[in-house]
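Engineer: Use these hints to put chain B with the ligands onto chain A, whose structure you have.
What follows is each chain in one-letter form.
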Amino acid sequence: MRAVSPSEVTRADDQAVREELERTWADRPGFIGWLSTTDHKRIGLRYMITAFTFFLLGGLNAGLMRLQLSRPENDFLGPDAYNQIFTVHGTTMMFLFAVPMMHAIGLYFVPLMVGARNVAYPRMNAFGYWVYLIGCLLLYAGLFTNTGPDAGWFSYVPLAGPEYSPGKRSDVWAQTITFTEIAGLIAAVEIIVTVFKHRAPGMSLNRIPLFVWAMLVMSFMTIYAMPWIASASLFLASDRLIGTHFFNPAEGGDALLWQHLFWFFGHPEVYIIFIPATGLVSQLVSAFTRREVFGYTAMVLANISQGFLAFGLWVHHMFTTTVPQLGSSFFTATSAMIAIPAGIQIFCWIATIWLGVPRFRVAFLFVLGFVIVFVTGGLSGVMIASVPFDTQVHDTYFIVAHFHYVLLGSLFPFFGALYYWFPKLTGRMLSERLGKWHFALFFIGVNVTFFPMHFLGFAGMPRRVYTYIAETGWGDLNLVASAGAVVIVSSVGVLLVNVLRSLGSGAPAPDDPWEAESLEWATASPPPSYAFVHIPVVEGRSALWDRSAQRPVVTGLRTNVRDTLVTTLVDAIPDSRHYDPRPTTKPLLAAIGIGVTFIALMFTPWGLPVGSVVVLIGMIAWAWPDRRSYAEQVAYEGHA
Amino acid sequence: MSTVTDPGYTTDLDVGALPTTVFGPRDIMWWGTLGFMTIEGMTLVVCVATYFYLWRQPGTWPPGHTLLPSVFWPTVHVAFMLATNLVMMRVSRLAHRLDLAGLRRWLVIASLCSVVMLPLRWQDFLALNVRWDTNAYGSIAWMTVGLHGSLLVMNTLETSVFTVLLHRRPTERHFTDASDAAMYWYYMTWIWVPLYVMLYWSPRVL
Ligand code: HEM
Ligand SMILES: [Cu+2]
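These protein sequence lines map, in sequence, to chains A and B. In this text, residue positions in the first sequence follow my numbering: the first is 1, and each later residue adds one. In this text, residue positions in the second sequence follow my numbering: the first is 1001, and each later residue adds one.
Hints were generated in silico from the structure; no laboratory data involved. Keep in mind that a hint or two might mislead.
[As the list claims (entries may be wrong)] Quick look at which bits of chain B chain A covers, simulated, 3 or more residues with Cβ under 8 angstroms:
1) 1012–1024
2) 1027–1039
3) 1052–1066
4) 1104–1114
5) 1169–1183
6) 1192–1202
All C-beta atoms in this analysis are idealised placements derived from N, C-alpha and C, irrespective of residue type, glycine included.
Isolated chain A, as found in the complex:
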């Protein structure tokens, strides 16, 4: 397979088309444009920046914890502050960073990679972002007012229930979850529909890029997993606020019910992070070896089977509760089984690298780092899938080591993708030299921080303790772990310097700096508001590498209104056109309405009737087109 010269397809009328498209798709100027945009690229970028900001804040929490734990009997943080900080750290990393970051990358890149002008339901997209932002702000408003949740990121009852957690801390947790889950569910539906119905002609299902497949599987998992936590947190909130008894054994409720509901979501959650990470790896491996990934079908099936298997594992988080013996054996087996598809993926990547000509750019180094770190986490995972072993290390630092290996393992492809896609996002290249420093420091830091924690676990150090006495002998390894955290912080510092320098004075990026194969590289860097001057027609699995000399495109879409193409589900044959509404601040107002309602509900059940009125007003406003949009739509439908 030969890399053809990149860049857009040209036609004779380009200049005129370009100008009119720009007028049609551009946002309103200034701040109001910023508030009202429905462009998936602007919203996606905003989503990424927000999620990354909360990654930094979550990292700051982690740094504070490592400082506290660096020596025995330290009094830097008291127990109460420590409880809030580790809970907010875990909650931030899972709900405000990892999952939203993957959704954000999907919302930005999936439409481009399938050749769409915009995401499906652009106004919903804006709404989802604002709701997510409200959730983020709520959590940190809580933390800064000493109302940060303190019952752990999985908020177990009875600790988080009305009896042992009076005050508003657990309510802050529950409502943060509500907001982020609403946003996550919206993102999932948008991604699915964009992939199903907005693909460029010729991109049949067996030709969509592997990252897009991964986002599709992840989005389906989101839809089946997130309602569990959303409902569970609703049950918890109602136990706390209106006196229901879901988790109260004295009145026929059950505390373990919480654990089942939480982990039926919580385990798939880990795969919701991991599966897109594998999609990123596939994209990077193909770009940096200049080969189609070996075993496309096997890779897709691996993702799909992971998606299914992930729903059969939740009980392994509950081995030390009273689940029946037979149940435990079953869940041990399924937990070990999930290693199979991951193994297939790793072999396919290695085969691709083997057969291709790897270019060891920074993005590719992160792929290699991912394989090492993730496999380490996978190995300790298979260990704790065994009940007797898990009983020993449950709630010790061994578990902390295990899940950080897996989660930070999934962070490597994300960083790799940042180097890979930064040129597309900003039109600037990142420095490879600083990038190598970033990679090396991060790789070393992660291992120095988390590898010793395995041994701390064996030595019996429990998780979620704010300090320990010197006689335990845990001091040295904890100091090592804290030193590692300093290295991680410095690596992220290097990354930030790299980003800021590049934004100021980085080398300008061409359209397709890596000569990669997927459609996002067939437009300018950064892409214009309308994405593609001409929507490309796809002729093979590697869209840009498999192009014929003709480079066929779609013609006939209106350029004076926001006209989008809808194609068939399997074969992506052009089937109809869809009018995309104009940008509007209504999603923002609706999000504020929902935000006020849910936050009011933390204090009084009257939030519900008041909220219903707000929702009614919001719905009318949302549905009611202004005069101009109405005229435009009627004209579009041919009824001027």
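Structural biologist: Below, chain B with the ligands without anything else, positioned relative to chain A:
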């Protein structure tokens, strides 16, 4: 994946003549409706799972001195809900025929039906014969009726707003929306049937 056919495009494709009003899975809104139906359905699945999980806890169901639920009004309501599907079948047919005048009339009727469901839903709560804060049985029963009730409320708001819109700012798009609304309505009413059986009959007969 051998069923996929490669259309083998080699020249520019003119899509200018493609329709802008299509129905069902050809349209993107249909898929969004399906997505949100799935999500709502999952929250109800969680309620069912919780209901039976709590049932398995030691003790009788309903616990202690809790009365069995009444069935009269809930049965009336279920029958009414299913009957309204006839209205929506009519709405859907008119939408496919692009009959604006007929659609306007029948959507007014549909809105009225959706409003009638609200007091009936209140009867559904009363028929449980237990308060949400009496015991866990009462909690999950109220939660299930309440979550499904929130669909009824949203549906009432949506249908009414949509009806007004159709009188004041009609577009062709609304024909598609009306047919999706009918699909959603069937779903919302039929999904109540198993919940109704679970809540009002299963504690009596099991
Ligand atoms: C950047 C370096 C990181 C460091 C130094 C770090 C450190 C820590 C520490 C010290 C704890 C508390 C252990 C305890 O007291 O039991 C913790 C908990 C946790 N971390 Fe991290 N972490 C890091 C990154 C991450 C990332 C990237 C994620 C997820 C994507 C993550 C997810 C979690 C979770 C879920 C918990 C559990 C919180 C709880 O027990 O409720 N961490 N981390
Ligand atoms: Cu798990």
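Engineer: Honestly, which of those hints from before does the structure not fit?
Structural biologist: 4, 6
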